[in-house]
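Q: Okay, here's what each chain looks like letter by letter:
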Amino acid sequence: MNQPTDFLYIAVILVSIGIYGLVVKRNALRLIFSIELIANAVNLALIAFSRMLPSPQGQIFVLFSIAISAAEVAVGLGIIIIAYRFYKDIDITEFRNLKN
Amino acid sequence: MVDSVFVGLSIITVGSAILSLESRELLYGGIALAISMLGIAGYFIILDAPFVAMFQIAVYVGAVAVLIIFTVMLVRAPNTVTKKETKKRKIAGILIGLAFLGLASSVLGSSTATQLKFNDTAPVFDVKAIGKELLTYYSPVLIALALTLAGAVIGAMALARREDIEEKNESTN
Chain U
1 MNQPTDFLYI AVILVSIGIY GLVVKRNALR LIFSIELIAN AVNLALIAFS RMLPSPQGQI
61 FVLFSIAISA AEVAVGLGII IIAYRFYKDI DITEFRNLKN
Chain Z
1001 MVDSVFVGLS IITVGSAILS LESRELLYGG IALAISMLGI AGYFIILDAP FVAMFQIAVY
1061 VGAVAVLIIF TVMLVRAPNT VTKKETKKRK IAGILIGLAF LGLASSVLGS STATQLKFND
1121 TAPVFDVKAI GKELLTYYSP VLIALALTLA GAVIGAMALA RREDIEEKNE STN
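Chains as they are written, first to last, in my numbering: chain U, 1 to 100; chain Z, 1001 to 1173.
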């Protein structure tokens, strides 16, 4: 039978993969992938604790968290599309000036 | 001890998470991210949270991954591996990731969290309990969340709007 720490270890591994991506990758879409991985790791930890306690509030928090990150991805992809229109590239080192 | 379902889900989730960052083609990275989200939904199912798993599949695999794949097709980046990702930066990133992994794992391993156990006799929460909480105690949060989501989607549409097409239409009228 699984224990809560097994899920927490998986969450830690996913967060460190996300940190690696945020540090190394310079493609704006890869940065969004990394942010999504970190958000999912947090959701996994919350659900594991919600099953352990047991309390339904952890599941409700995860529902809110998923909705918030959907909104964040929508805005992020809109910014990427408008940046691509200005610079013809999605490499964030090319985005020198915010004002056009 | 862990069971075989957990091991399989871990391999799928962590493997496709790494693949989503390291695949050469950005489109395959988006698909690998969707598979990783499906693995997380599998964890939610074995943690007795089927409603959240359903929500995760609907929102992440159904909406977010499709949105990302559409954006990948729209932007058509000339080169996915840029010159800015030097070898030095990559080694530093791997070291930072491993340092965080070692730190957090050692904290987790030496804490009392290892003695926590799942209560097998506990009742599983169905949709009814979650819905009751959402509509009573958390109803202001739900309203604020709905407004946030609507604002974010309208803002994204306003950001991605093409102004040059609009001007051309106005000049012809």
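Keep in mind the hints are simulated off the structure, nothing from the lab.
Do not take every clue at face value.
[What the hints assert, rightly or not] Keeping only pairs whose Cα atoms sit at most 30 Å apart, straight-line, the calculated DSS-like set for lysine-lysine is: (1) 1132/Z <-> 1117/Z; (2) 1128/Z <-> 1117/Z; (3) 1088/Z <-> 88/U; (4) 1128/Z <-> 88/U; (5) 88/U <-> 1132/Z.
Please read all numbers here as calculations on a predicted model, not as lab measurements.
Q: Of all the hints numbered above, which does this structure not satisfy? Sort the numbers upward.
A: Those not satisfied are hints 4 and 5.
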